[in-house]
Amino acid sequence: MSGYIVRRLISMVLMLLLLTLVVFLLFSVLPTDPARLTCGKACTPEVIAANRHNLGLDLPLWQQYWDFVKGIFVGRTYGSGTQTYSCDAPCLGYSFKRGEEVTTLIKQGFPATFWLATGAFIMWIVVGVSVGIYAALRRGKWQDKTVMGISLIGYSLPSFFIGLVLLYFIILKWELLPYPSYVSPFENPVAFFQTMLLPWIVLAILYAAFYMRLTRNQMLDTLGEDYIRTARAKGLSERIVIRKHGLRAGLTPIVTAAGLDLAGLLGGAIITESIFSLPGIGSLAVNSVVDADLPLIVGITLVTATFIIVANLIVDLLYAVIDPRVRLV
Amino acid sequence: MGKARPGVLAAVVVAAGALTLTACGGGGSSSSSTGSAGGTPTKGGKITYLEIGEQFNNVDPQRVYTGEDLAFFSGTIFRTLTAYKFSKDAKEGTSIVPDLATDTGTVSDGGKTWTFTIRDGATFETGAAITCADVKYGVSRTFATDIITNGPQYAVSMLDIAKNADGTSAYAGPYKKTGQDLFDKAVTCSADGKTIVFHLNKPVPDFNYATTLSAFAPVPQAADTGEKYDDKPVSSGPYKISVYKKGKGGQFILVRNDKWTQDSDPYRHAYPDSWEVDFGLDPAVIDQRLISGAAADQTAISTLLTPASLPIVFNDPKFADRRTNEFDPYTRYIAVNQKKVPDLKTRQAIAVALDREALRTNAGGAFAGDYADGAIKPNIGVDYAPTGMWDGLLGKTIPATGDPDYAKQLLAGKTPTITFDYPNTPTNAKAAAIIVASEAKAGITVKPNPIEAGQYYGVVFDPAKAHELINAGWGADWPNASTVIPELFTPSGGFNLSQADDKAFNDASAAAKVELDRAKQATMWQDLNKKASEQVFIIPTRFGRDQRLPGAKIGNAYLWPAYGSWPYGDMYVKS
Amino acid sequence: MSTNSSTGAGGNYLDVRDLRVEFPTEDGLVRAVDGVSFTLQRGQTLAIVGESGSGKSVTSQAIMGLHNRKSANISGQVILEGEDLIAMSDEGVRKLRGQKMAMIFQDPLSSLHPFYTVGKQLVEAVRVHQDVTKDAARKQAIAMLDRVGIPNPDRRVDDYPHQLSGGMRQRVMIAMALLNSPTLLIADEPTTALDVTVQAQILELLKDLQRDFNTAIIVITHDLGVVADMADEVVVMYGGRLVEHGSVRDIFHRPEMPYTLGLLASMPRLDHGRSSRLDPIPGLPPSLIRLPKGCVFRPRCTYHDKVPNGLCDTERPELITTAPNHEVRCHMTADVRRAIAVERLGARIEETA
Amino acid sequence: MAVDVDTEARGADGVVAPEEIKGRSLSAIAWGRFRRDKTAMISLGVLIFLLLCALFAPLITSVMGLDPYEINRHAIDDIGMPLGCGKPDSAFFCGISWQHPFGVEPGTGRDLFSRLLYGLRISLLIAFSATTITVILGTVFGIVSGYLGGRTDAVIGRLMDIILAFPFLLIVLALSGVFTQRLTDLGVPEGNASRITYLILVFSIFGWPYLARIVRGQVLSVREREFVEASIAMGSGTRRILFKEILPNLWAPIMIYATLTLPTYIATEAVLSFLGVGVLPPTPTFGAILADSVQYMSIIPSYLLIPGVLLAIVVVTFNLVGDSVRDALDPRAGRV
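Chains as they are written, first to last, in this note's numbering: chain E, 13 to 341; chain F, 994 to 1568; chain H, 31 to 383; chain L, 122 to 457.
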């Protein structure tokens, strides 16, 4: 087990390195010269050259990559002479556009994204799974058909459209909620919930719809298993059969999906965050693209990818805990 | 603040400027802004600014260069040697008064030497007295062009310091310190540190207008953190920064600077106790808040209304005493890349075919502005004269909807294919569609090339990447076309998107710049403006207008001609 | 047959009367079991044989009450010690399940829950019906594992099913079934998933247990070897119907229904016939949705011409008692049937007679 | 729950094994089930209708005398508002007339009905092509990694992990500029051609791993089946095994995946063009129209709602059909 984890961690690090390389190469060919972007109207070749040097863009690509990776582990310093900005490990780069370290920017963005993701996560797991089970138990009946219909529509609606419609009716037209402006739940819980409610709903709709079907189908598969019949043959009551024998086996696959989806969202929900102007990683990502803020884009990409990869590991470990047949070797 | 609103793309980078409304203050504009005046100003309260952008482009005094920001910071935290008078009257509002200096400066040596005396009792938020050295150091920072980016370059171009071969200054700024001695000769301080003298490389009759820019604001050398100074500059005004949190949901909060004294600063009124800027709000939401005017939003302000809100605000009498509808500082135009379209007739054909009427309608019709006939905007004053661009200058009178047949005639069978660069916003996409459609009528194929707003100028200023047509806008830095013609149409200019480089034109422009006879200078600018239109360096589309809706409880909420902005130093919260 | 067995109506321990099970599916009504009747005494073994789709398993699960009554129409009577299970409430049947009547399924791997240890599953089975502590239940479980011949059960008890061999798993299934010493045990293809030697052990085990607990066993199988080895009585099913019923001797030595003949003919000599399958009957089992109009076996029956005026095509044959406790469903006359039997299986009949 | 039918269906006694089904091809059975499913048939009808609309968009619009590109100055007032919109007393569905059933675009007066119709074309074009490529990639990689196993499998596995770890939207947004340019350099005609190609490519590149995983799993299970082992024993070539033995068993899951992927691609395309990535003006797309509508949300709600609802209808329809196909091919996964 521990040996397995070690091996997985190693391969994880390797994968992340590979990932950084891919990301790096991909973005080393952006249309705009980052150095040019750092200086505004009156821009002389000299200025560009200077900035290029400060950004380390005058170095060969492999050198840049090396510096970048080194920055992650031991930190690095930009610029030269009297004007140097040191960026401590883990350094994902320095955004000259915003005059901040990428890590700082991402840290600033994380809380909003975190609350958005976890809140929505709880919502959709509760709703999706319970309704899914309900549908499975009512299989083929009108309740089941209704649930499936709703869920289908649910995941068919483009989230940005749901978001805009809710924004228009709930906030602009009927003024049921105040205009979204993010506050930390510790500062002002009420305002926090008022702001987060719609974003949570928008995200939850999409995922809950999906989880309803997932849960339902998993449950149906499980309830069709021979060992369920055995459990009945033992004389167990239907409730115990479903609770003890059905759910555990049926919901195991949900763990995987849930883990990865949550991880994905922790990397920022671009649409939802932009629509409800949440100061999260998602909207940070969009702006980084709009500004061609290269270091920031690369940084966010890496962080997001890391979340996913780590989640993969965690899910696998969890799986081993839940399902004795899975052996980690 | 300087951030782009849908449709008002140019505001992303273009400099703000002083304007006079005398020339054409039509459109019921002046009447519309009378309401907010009157009543006696009272101290206290907080004014909230609702902002789309997620941070200021810059806060560093030497780097601020967008109209609204210049007005805001100059009115609150940066004192400058001279400043524009607070008044909504076009003439007064663009006249200069002493601020940090005791007078508006004395000129000698035929306009090449300017002297200012610094006021007693002026201090930084630290309590330290502001001396010549601080002003001098501030100015010197402009030369560190690798760190102090985005700011105006007037100090670099005007001060009497040798240039390198590549045209850059021999002085590399206070960080590298190369050529420091040259700078110390160009800007000198008296022993008592009260008097500062600027030695210029050629006569600049209106140098004391340039000194209104916060680029000439004092910076205590000890506190200079270079790049980082942009986050928390030291205040010399009645307020100081207490919070600056960037990003969506971020805030910028100014509180009173207790070291500041009214008698050391007769210029600023500093009525409200604090200012709050809320970043990263959706334009539609901002307008909605100002329109529905909830209690909290009655002391709120913002800048331009979105096209969608205009009908609501201007069709409803209840806003009559609040709404403003004035000329903004900018001329909207499409720069025509001279390098890519060398043939004059082709350039003229493009201009002739363009449906300016549809473009204007798309931008909001009369609200978007009046049809433009050149780079120089009428409200600049003496320097403007009609160029007649659409009234025969191009060979015949061109209707606002364009004249495809005449364009064909000019093309004489040519069917050019050109590309139009524009910042990628939905409204611009529609403008692009209009350009494509109208040029097509003349057999000209236009390919739209949307560019992410944030990268726009980074791309179009790169000669390798700029295409034939480039969407842009520009406003004068002060009421003299010396901040328009040379900037836009000569290689030495900072905003020469047209890639214009016409020997005769360059020389004429250089001459006009140093002409001391203002009347004579004016006619020279008028001729050059006409020439630029005739040569189709640009296709002027609109003299932009600007509609705003301040909160009901904001006093002195008039559009300040100086920057085409709110008069931040003059505004107050009605009790 | 034991005397102490409390017997229900008609003196039978188990009395299945005119059992019918139907599944409404989107393809139509599936008549899985159509009017099956038989009886069984304690200590006796009844074998139900037939091809896939003949309704064997459905019958057994109907007896256990494992069908969901919402999705299956069940009619007739299953009288266990005088109580009609069909009429009884779900709850009532549940209480009997695993206690008075237990079932062993084929493919023990999929029939045991992969997430729980053998012990946990056995303990659960004990505590459904007995009010005992976990430890007590665990002791019982271990004892039972030992009883069904699992080496060092006290360690095995904590294994997961996937850690056991096929034979072991089947023993665990049996142990689970016997925990509450049921008096009716239904074994559905108990040995098909196992290899020959293990099959033998399992069958022996079942027989021992039957002796000790005096259990009534219903064994469902394709495998005539198993039948010969265990059964006292045999029910032959085809197309959801009972087509022949009699003692083992009757079925093996005096078969009368052509289908039974087919089964036997397809079976090699008993002594080495244990794992033989019954395929070479020409044709396929009928669709339970659209049964042939006449005799269900008609399409595959080579002797229907022996019946006058095509009765086989028009009329369903009734179940007729041809000898004491020997019933057959066929239109042919008794002597014709016997003649055919001799003709088909002459050799074997002589040999074993 | 109707569990018993299932267990039976899979159990030794295949109760639900009507002999007339034996011999009939899976597709025939599936089609049989599909036909019996009312929702399936209705949604299929709607889908075909939509396809025809898209296909004959030019014809339809010209018959109605509409042109998606024409600037209709007459349809908007002098500040660019659709006639009747923007007044304090404006109706919810202002700007809608017999001539312009869905209203017109503020600022230009271009007809929305025809623009949406043309937008539908683009969406479907992209979605269909992307799905096709995705399926090809996914199948090939899935088979290869499932069949060859070993190192190949591992390598492909890692590749998939990396692709799936990327933040799709961010990458697509960030790279659109460069890669569209690259495509043009590679000879794809610049402008929409290359931009559409870009979208199709990114969709496929980020989409195939999901299918590949499914296919791989199938291949692994199929491999175990006797007949493959048999044919290996018979020494038949890998090629034959792949195409004769394995592929036939794969088309059902592939079909299911394809039908369920198509709608997600339609939706994603809309999201991307909403964020400004996608075809150039004046070519219309759902996303671009919705993006423009946002700023008018408060005064021309219909401008937001009509395109949005239409988009939703399209996606729902395709999902419904996809669902029914899944149910038909694999009844145990879906409804009874």
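None of these hints come from the bench; they were simulated from the model.
Some clues are possibly wrong.
[Stated by the list, open to error] The calculated lysine to aspartate or glutamate pairs, modelled on EDC-like cross-linking and capped at a C-alpha distance of 20 Å, are:
(1) H:169 <-> H:189
(2) H:100 <-> E:156
(3) L:208 <-> F:1047
(4) E:256 <-> H:189
(5) F:1458 <-> L:311
(6) E:119 <-> F:1224
(7) F:1036 <-> F:1224
(8) E:109 <-> F:1398
(9) E:157 <-> L:158
(10) E:119 <-> F:1266
(11) F:1238 <-> E:199
These are the hints, each one checked on the structure:
For the hint pairing residue 169 (chain H) with residue 189 (chain H), the CA-to-CA distance comes to about 15 Å; that is within 20 Å, so the pair holds. Pair hint residue 100 (chain H) plus residue 156 (chain E) holds up; C-alpha atoms about 15 Å apart against a cutoff of 20 Å. For the hint linking residue 208 (chain L) to residue 1047 (chain F), the alpha-carbon distance of about 32 Å lies beyond 20 Å, and the restraint is violated. As the CA atoms of residue 256 (chain E) and residue 189 (chain H) are separated by approximately 19 Å, the hinted pair is consistent with the 20 Å bound.
A threshold of 20 Å between alpha carbons decides the hint, and for residue 1458 (chain F) with residue 311 (chain L) the separation of about 15 Å falls inside it, so the pair holds. A C-alpha spacing of about 18 Å is found between residue 119 (chain E) and residue 1224 (chain F), which places the hinted pair at or below 20 Å, so the restraint holds. A threshold of 20 Å between alpha carbons decides the hint, and for residue 1036 (chain F) with residue 1224 (chain F) the separation of about 28 Å lies outside it, so the pair is violated. This hinted pair does not check out: residue 109 (chain E) and residue 1398 (chain F) have alpha carbons roughly 47 Å apart, beyond 20 Å.
Only pairs whose Cα atoms come within 20 Å are accepted, and residue 157 (chain E) paired with residue 158 (chain L) is accepted, the gap being roughly 13 Å. Simply put, residue 119 (chain E) and residue 1266 (chain F) have alpha-carbon atoms about 32 Å apart, too far for the 20 Å limit, and the pair is violated. Restraint check: the Cα-Cα separation between residue 1238 (chain F) and residue 199 (chain E) comes to about 16 Å, which is no more than 20 Å; the hinted pair holds.
Hints 3, 7, 8, 10 from the list above are not met by this structure, while the remaining hints are.
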